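**Student:** Sequences listed follow chains A and B, in order.
Heads up: the first sequence begins at 1 in this note's numbering, then just goes up one per residue.
Heads up: the second sequence begins at 1 in this note's numbering, then just goes up one per residue.
Treat the hints as calculated values from the structure; they're not laboratory data.
Possibly wrong hints are sitting among the right ones.
Claimed, not checked - In silico lysine-lysine, BS3-like type, Cα no more than 30 Å apart, as pairs: (1) K384(B) / K14(A); (2) K377(B) / K81(A); (3) K421(B) / K389(B); (4) K171(B) / K118(A); (5) K29(B) / K12(A); (6) K321(B) / K235(B); (7) K361(B) / K141(A); (8) K377(B) / K14(A); (9) K12(A) / K389(B); (10) K384(B) / K12(A); (11) K129(A) / K89(A); (12) K118(A) / K14(A); (13) K119(A) / K129(A); (14) K171(B) / K267(B); (15) K119(A) / K358(B); (16) K361(B) / K377(B); (17) K37(B) / K384(B); (18) K141(A) / K375(B); (19) K348(B) / K119(A); (20) K141(A) / K377(B); (21) K267(B) / K81(A); (22) K37(B) / K358(B); (23) K29(B) / K14(A); (24) K14(A) / K358(B); (25) K141(A) / K235(B); (26) K118(A) / K377(B); (27) K29(B) / K361(B); (28) K358(B) / K125(B); (29) K74(B) / K182(B); (30) K348(B) / K211(B); (31) K14(A) / K389(B); (32) K12(A) / K211(B); (33) K12(A) / K375(B); (34) K141(A) / K81(A); (35) K211(B) / K171(B); (36) K361(B) / K211(B).
Said to hold, decoys possible - Derived Cβ-Cβ restraints for the label pairs, each shown as a range: (37) I239(B) / E23(A): 28 to 34 Å; (38) P359(B) / A99(A): 33 to 39 Å; (39) K421(B) / R104(A): 48 to 54 Å; (40) A99(A) / T13(B): 52 to 58 Å.
It should be emphasised that the depicted structure is a prediction, and the values quoted were computed from it without experimental measurement.
No residue lacks a Cβ here, since even glycine has one placed at the ideal position from N, Cα and C.
One-letter residues, chain by chain:
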Amino acid sequence: MTEAVSFQQEFKVKGGDFSRGGEASCEIKNLLRDLGLDPQLVRRAAIACYEAEMNIIMYAWQGQLDLLVTPHRIRIIAEDKGPGIADIKQAMREGYSTATPEMRELGFGAGMGLANIKKNTDTFRITSKVGRGTRLELTIKTNGRKA
Amino acid sequence: MNKENRHPLHINTKKCVGCVHCMTSCPTKAIRIRDGKARIIGEFCIDCGECLRFCPQDAIDSHTTSFSDLNAFKYKVAIPATVLYGQFDNATLPNEILFALRRVGFDSIYELSTICELNSAATEKFLNSHPRPRPFIASTCPVVVRLIQRRYPTLIDLIVPIEPPREIAAKILRANLPRVLKVKPSDIGIIHITPCPAKMVSINYPVSMEKSYLDGAISIRDIYKPVLQALRQSKDEAIMSRLFPETIFSGLGLGTALSGGETRGLKNRRTVAVSGIQDTIRVLNQVEMGMLRDVDLLECMVCPDGCVGGPLAVENRFMAKSRILRLVSLLGERSVVDDSDTNALYQKNFMSFTHSLKPVKATPLDADPVRAIQKAKHRNRIIKQLPGKDCGACGAPDCRTLADDIIRGLALLTDCPFMMKEKK
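Whole structure, please, built from the sequences with the hints as guidance.
**Tutor:** Printed below as a string of structure tokens:
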């Protein structure tokens with residue numbers, strides 16, 4: 001019954017727009033905080049969102065984060081139009097990265113992104129089509145929330 | 001107790017004209033205009049003093065210690081912030097300023113740069129013995145500590161649990177002065193001289209210790225004129241102070257008045273120094289997102305260029321900075337604090353926090369999760385309705401905050417002049 005109550009919001013992310021990188025995740029973080037969720041939970045969601053957002057900015061042409069909050073969970077769908085990932089297994093490995101030297105100079109591309117997202121979420125699903133784009137579906141359970 | 005009274009910044013309603021400058025400059029959106037006057041919401045205020053900086057009417061008072069308050073103590077001790085040395089002309093040396101403070105009415109003056117160096121050395125020891133987590137965040141700026149408690153609760157454990165130089169200095173004096181001077185402890189008043197309104201809160205309502213070792217803080221603004229007069233009247237003393245310097249100054253410590261000063265002493269460490277409230281917020285956001293993990297120490301100062309840009313300083317920060325840099329280069333990089341002294345105090349935990357920092361929880365939209373979600377949806381609908389001009393005419397700093405206030409029952413949609421128009 002209470003699952004029917006949900007908050008949904010989309011955040012557009014533009015590929016290559018490094019200067020605004022992190023803005024969507026920051027907004028999501030503030031929103032989750034306003035909802036009264038446990039700070040550690042908010043931080044996990046924020047880190048996952050941030051990594052997903054930066055992946056879109058670094059690799060894709062355009063994309064969006066779609067946030068859905070119900071009383072029991074946070075769901076984030078990060079979907080992009082981009083080059084896609086040929087070998088997802090390899091991309092999931094810590095330390096593996098296809099980041100360019102320019103990206104690394106900015107402090108990105110340590111190859112921790114996807115692994116870090118997985119670490120900070122309760123469910124993690126990734127699908128990708130080469131040449132088309134990537135879709136991440138993440139959830140974090142909020143049942144354990146402290147009022 | 002009324003929570004508002006905890007804060008040193010107060011609106012002077014006689015001078016306030018209800019313009020929007022303070023409200024729009026407030027980084028935590030803690031100001032509203034109600035009935036034509038600005039009001040500070042105590043729950044959100046972090047005592048940074050941005051409002052004081054931006055108010056064109058001089059209508060924001062900072063309640064710091066006044067001279068008459070000093071009369072409560074038989075023996076008055078001053079610990080001036082090193083920023084003070086940058087406030088007077090180039091020819092005025094720190095020793096003369098310390099002499100002048102004595103003329104102003106202090107019985108003794110303790111110079112802080114040595115303790116600043118001690119604090120840096122202790123921080124280095126802390127970093128050495130704590131390889132993880134990263135980055136640690138310096139605790140010197142009391143506003144940063146308060147900001148983290150309220151906005152970044154998950155970063156609390158990253159704050160270096162070492163008291164700032166002013167408290168360490170006062171603690172050393174408390175432990176020794178009664179014996180040295182043969183004065184009752186309660187007769188001794190130890191007063192910090194500061195460019196920062198937040199020091200008053202950190203003294204009256206400390207978060208990392210039971211009770212502050214300081215008895216108050218006088219603003220540089222308030223003490224500037226008497227010190228200037230004393231400097232002018234005491235030319236002979238000035239010569240004496242130059243010929244018989246009483247104190248050793250630490251070049252390393254003196255630099256802590258400037259952004260990057262704390263990290264400068266840490267030679268083999270990766271450090272980042274940030275100054276200014278907006279940039280501090282930006283970088284703390286990044287830390288919360290898991291960045292800067294390869295940085296050992298993050299120094300954040302909410303005033304532009306560090307304490308030298310404090311809102312209660314008199315001299316513009318560029319001049320003050322130039323003078324302090326000159327002093328730093330004159331004094332050189334030579335260390336004046338003995339490593340064995342640092343070690344001894346560090347081992348005794350003399351400089352450590354005695355209370356662990358606690359997060360200050362923000363009020364959610366609603367305590368009930370279902371209702372909170374409903375309210376967030378409602379808030380988004382209101383945001384869409386509002387003009388998005390962020391004009392401040394409603395009494396809130398921007399449309400988003402007005403929407404938030406409406407949801408929390410603190411404002412009405414009709415407070416927005418554009419909404420009024422539509423109704424007609």
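**Student:** Confirm or reject each hint.
**Tutor:** Right, here's what the structure says about each hint:
{"no.": "1", "hint": "K384(B) / K14(A)", "verdict": "holds (22 Å)"}
{"no.": "2", "hint": "K377(B) / K81(A)", "verdict": "holds (28 Å)"}
{"no.": "3", "hint": "K421(B) / K389(B)", "verdict": "holds (15 Å)"}
{"no.": "4", "hint": "K171(B) / K118(A)", "verdict": "violated (48 Å)"}
{"no.": "5", "hint": "K29(B) / K12(A)", "verdict": "holds (26 Å)"}
{"no.": "6", "hint": "K321(B) / K235(B)", "verdict": "holds (25 Å)"}
{"no.": "7", "hint": "K361(B) / K141(A)", "verdict": "holds (21 Å)"}
{"no.": "8", "hint": "K377(B) / K14(A)", "verdict": "holds (25 Å)"}
{"no.": "9", "hint": "K12(A) / K389(B)", "verdict": "holds (21 Å)"}
{"no.": "10", "hint": "K384(B) / K12(A)", "verdict": "holds (17 Å)"}
{"no.": "11", "hint": "K129(A) / K89(A)", "verdict": "holds (14 Å)"}
{"no.": "12", "hint": "K118(A) / K14(A)", "verdict": "holds (23 Å)"}
{"no.": "13", "hint": "K119(A) / K129(A)", "verdict": "holds (23 Å)"}
{"no.": "14", "hint": "K171(B) / K267(B)", "verdict": "holds (27 Å)"}
{"no.": "15", "hint": "K119(A) / K358(B)", "verdict": "holds (27 Å)"}
{"no.": "16", "hint": "K361(B) / K377(B)", "verdict": "holds (22 Å)"}
{"no.": "17", "hint": "K37(B) / K384(B)", "verdict": "holds (28 Å)"}
{"no.": "18", "hint": "K141(A) / K375(B)", "verdict": "holds (20 Å)"}
{"no.": "19", "hint": "K348(B) / K119(A)", "verdict": "violated (39 Å)"}
{"no.": "20", "hint": "K141(A) / K377(B)", "verdict": "holds (20 Å)"}
{"no.": "21", "hint": "K267(B) / K81(A)", "verdict": "violated (46 Å)"}
{"no.": "22", "hint": "K37(B) / K358(B)", "verdict": "violated (33 Å)"}
{"no.": "23", "hint": "K29(B) / K14(A)", "verdict": "holds (29 Å)"}
{"no.": "24", "hint": "K14(A) / K358(B)", "verdict": "violated (38 Å)"}
{"no.": "25", "hint": "K141(A) / K235(B)", "verdict": "violated (72 Å)"}
{"no.": "26", "hint": "K118(A) / K377(B)", "verdict": "holds (28 Å)"}
{"no.": "27", "hint": "K29(B) / K361(B)", "verdict": "holds (16 Å)"}
{"no.": "28", "hint": "K358(B) / K125(B)", "verdict": "holds (24 Å)"}
{"no.": "29", "hint": "K74(B) / K182(B)", "verdict": "holds (12 Å)"}
{"no.": "30", "hint": "K348(B) / K211(B)", "verdict": "holds (19 Å)"}
{"no.": "31", "hint": "K14(A) / K389(B)", "verdict": "holds (24 Å)"}
{"no.": "32", "hint": "K12(A) / K211(B)", "verdict": "violated (49 Å)"}
{"no.": "33", "hint": "K12(A) / K375(B)", "verdict": "holds (23 Å)"}
{"no.": "34", "hint": "K141(A) / K81(A)", "verdict": "holds (28 Å)"}
{"no.": "35", "hint": "K211(B) / K171(B)", "verdict": "holds (11 Å)"}
{"no.": "36", "hint": "K361(B) / K211(B)", "verdict": "holds (23 Å)"}
{"no.": "37", "hint": "I239(B) / E23(A): 28 to 34 Å", "verdict": "violated (59 Å)"}
{"no.": "38", "hint": "P359(B) / A99(A): 33 to 39 Å", "verdict": "holds (35 Å)"}
{"no.": "39", "hint": "K421(B) / R104(A): 48 to 54 Å", "verdict": "holds (53 Å)"}
{"no.": "40", "hint": "A99(A) / T13(B): 52 to 58 Å", "verdict": "holds (56 Å)"}
Checked against the numbered hints given earlier, this structure breaks hints 4, 19, 21, 22, 24, 25, 32, 37; the rest are met.
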